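With the hints as extra help, turn the sequences into a complete structure.
These protein sequence lines are chains H and V, in that order. Using the numbering used here, the first residue of the first sequence is number 1, and each one after it goes up by one. Using the numbering used here, the first residue of the second sequence is number 1, and each one after it goes up by one.
Worth flagging that the hints you see were computed from the coordinates, not collected in a lab. Being a predicted model, the structure only gives us computed values, none of them experimental. Treat each hint with caution, since some may be false.
[Claimed, not checked] Footprint (simulated), chain H over chain V, 3 or more residues, beta carbon under 8 Å:
{"id": "1", "stretch": "10 to 20"}
{"id": "2", "stretch": "28 to 36"}
[Said to hold, decoys possible] Residues of chain V placed beyond 10 Å of chain H at every Cβ, according to the derived structure:
{"id": "3", "residue": "I25"}
{"id": "4", "residue": "E41"}
{"id": "5", "residue": "S47"}
{"id": "6", "residue": "G49"}
{"id": "7", "residue": "L50"}
{"id": "8", "residue": "S51"}
{"id": "9", "residue": "L52"}
[To be verified] What follows is a list of derived Cβ distance ranges for each label pair:
{"id": "10", "chain 1": "H", "residue 1": "E176", "chain 2": "V", "residue 2": "N45", "range": "23 to 33 Å"}
{"id": "11", "chain 1": "V", "residue 1": "F36", "chain 2": "H", "residue 2": "P156", "range": "49 to 59 Å"}
{"id": "12", "chain 1": "H", "residue 1": "M184", "chain 2": "V", "residue 2": "E41", "range": "23 to 33 Å"}
{"id": "13", "chain 1": "H", "residue 1": "E121", "chain 2": "V", "residue 2": "F36", "range": "55 to 65 Å"}
{"id": "14", "chain 1": "V", "residue 1": "F43", "chain 2": "H", "residue 2": "V122", "range": "44 to 54 Å"}
Where is the CB? At the ideal position from N, CA and C, for every residue including glycine.
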Amino acid sequence: MSGFVTGLANATVNASTVLILAGLGELISERSGVLNLGVEGMMLVGALSGFVVTSITGSPWLGLCIGILAGGAMALLHAFLCVSLNSDQAVSGIMLTLLGVGLTTYFGNPWTGDSVSGFSEVTLPIIGSFLVEIPIIGSALFNSTPTDYIALLLIPVVWLFLYKTNIGLEMISVGEDPETADTMGIDVFKMRYLAVIIGGLFAGAAGAHLSLAFNQIWSSGMTAGNGWIAVALVIFARWEPGRILVGAYLFGLLNAIQLYSQGLKFTLAPETALSGLLNPMIEFVMNPTIMSTYPYIVTLLVLVITVVRAENRQLAQPSALVQSYSREID
Amino acid sequence: MVDPALRQASASSSIETSLGVPSAITNVMEALIILFLITAEFFKNYSVGLSLDQTPTPSAPGDPEGDV
Numbered sequence: 001m002s003g004f005v006t007g008l009a010n011a012t013v014n015a016s017t018v019l020i021l022a023g024l025g026e027l028i029s030e031r032s033g034v035l036n037l038g039v040e041g042m043m044l045v046g047a048l049s050g051f052v053v054t055s056i057t058g059s060p061w062l063g064l065c066i067g068i069l070a071g072g073a074m075a076l077l078h079a080f081l082c083v084s085l086n087s088d089q090a091v092s093g094i095m096l097t098l099l100g101v102g103l104t105t106y107f108g109n110p111w112t113g114d115s116v117s118g119f120s121e122v123t124l125p126i127i128g129s130f131l132v133e134i135p136i137i138g139s140a141l142f143n144s145t146p147t148d149y150i151a152l153l154l155i156p157v158v159w160l161f162l163y164k165t166n167i168g169l170e171m172i173s174v175g176e177d178p179e180t181a182d183t184m185g186i187d188v189f190k191m192r193y194l195a196v197i198i199g200g201l202f203a204g205a206a207g208a209h210l211s212l213a214f215n216q217i218w219s220s221g222m223t224a225g226n227g228w229i230a231v232a233l234v235i236f237a238r239w240e241p242g243r244i245l246v247g248a249y250l251f252g253l254l255n256a257i258q259l260y261s262q263g264l265k266f267t268l269a270p271e272t273a274l275s276g277l278l279n280p281m282i283e284f285v286m287n288p289t290i291m292s293t294y295p296y297i298v299t300l301l302v303l304v305i306t307v308v309r310a311e312n313r314q315l316a317q318p319s320a321l322v323q324s325y326s327r328e329i330d
Numbered sequence: 001m002v003d004p005a006l007r008q009a010s011a012s013s014s015i016e017t018s019l020g021v022p023s024a025i026t027n028v029m030e031a032l033i034i035l036f037l038i039t040a041e042f043f044k045n046y047s048v049g050l051s052l053d054q055t056p057t058p059s060a061p062g063d064p065e066g067d068v
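In structure tokens:
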């Protein structure tokens, strides 16, 4: 049983890294007032480019860098459409997702099913050899892939960047009130471009982690809706980097449960009361296909709760989110 | 003559079925159509003009740089 729980903890940490990276990127972009629904497409482009570069060069670090840059390139298109052309942010994001899915399916076809020697699990230097002995979570947290450590490290880094640096505070002000920020001498367009591109770099990193550390194979559509979950995760986290970690572990745990419990079978003994009624229900709930829907059901619940909170004025979304900005007077 | 069954489907699935176009390509086509549409929205609000007139515009009276 402890082996199962330890494996579940490992899978949770691995699955949550994708959501941490994509969620942090989405958070930075939304903090500047630009909604990015193209995370899924950016992740796929990052995953494929990272995978291809790694399979050609044999260097997962180079693959990770190229994956990150590929995500940033997709984000540049989104920034151009939303910031320079004032296009609809939701439509632009959906277009990028469609583009990413189509391009990666077509160009990734020769690599479908191939595996690559990506990032392997390493023990955290110096303190890791002691901490890895902690029961259940020790090996999950301190014997992981480098991208897992980087993702965890990025949470305080993003918090410091947003709240303790001039650029971060300017980004937040642009997302709250672009007109006032512009009056104060902050370049709204530059800040929004920067935030969206940083968001794309994070999404590319999330995709590269999927293909180089989590799965180490390429298959089309391998993000499996994680980009959409990352968008919901930001709402769940109420635009705070620290809460991204909690949400990512929750969604990661649900993903891990459905992966790890596929071979398990729970049934009540026939002599147990109500076993005739409960056993079919348990069988239905534990069905792998049904279990694969749990992360998305939770996402839906999170959004419903968020809307209810918004009615109670407890939501802290950036005031100028999804609002395009133009200096011209209407 | 178009198969009546195809009329019920979307354009992308129709060309996948009738012309054998891969679904990935139809995804890209859909994305490009949306891209062109949202880019075109920009030109509803702004017009792009091209001027071939090379003569310098006369400076406004009192403009300090215009007298140099």
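Hint check:
1. 10 to 20: With 0 residues closer than 8 Å to chain H, the stretch 10 to 20 of chain V misses the three-residue bar; violated.
2. 28 to 36: holds (count 7)
3. I25: I25 of chain V not clear of chain H: closest Cβ-Cβ about 6 Å, inside 10 Å.
4. E41: It is violated; E41 of chain V is separated from chain H by about 6 Å at its closest Cβ, not greater than 10 Å.
5. S47: holds, 14 Å
6. G49: holds, 16 Å
7. L50: holds, 19 Å
8. S51: holds, 21 Å
9. L52: The claim stands: L52 of chain V keeps its Cβ more than 10 Å from every Cβ of chain H (closest is about 26 Å).
10. H:E176 / V:N45: 23 to 33 Å: Check passed, 25 Å falls within 23 to 33 Å.
11. V:F36 / H:P156: 49 to 59 Å: Given a distance of about 42 Å, which is not inside 49 to 59 Å, the answer is violated.
12. H:M184 / V:E41: 23 to 33 Å: holds, 29 Å
13. H:E121 / V:F36: 55 to 65 Å: violated, 46 Å
14. V:F43 / H:V122: 44 to 54 Å: holds, 53 Å
In the structure shown, a violation is registered for the earlier hints numbered 1, 3, 4, 11 and 13, in ascending order.
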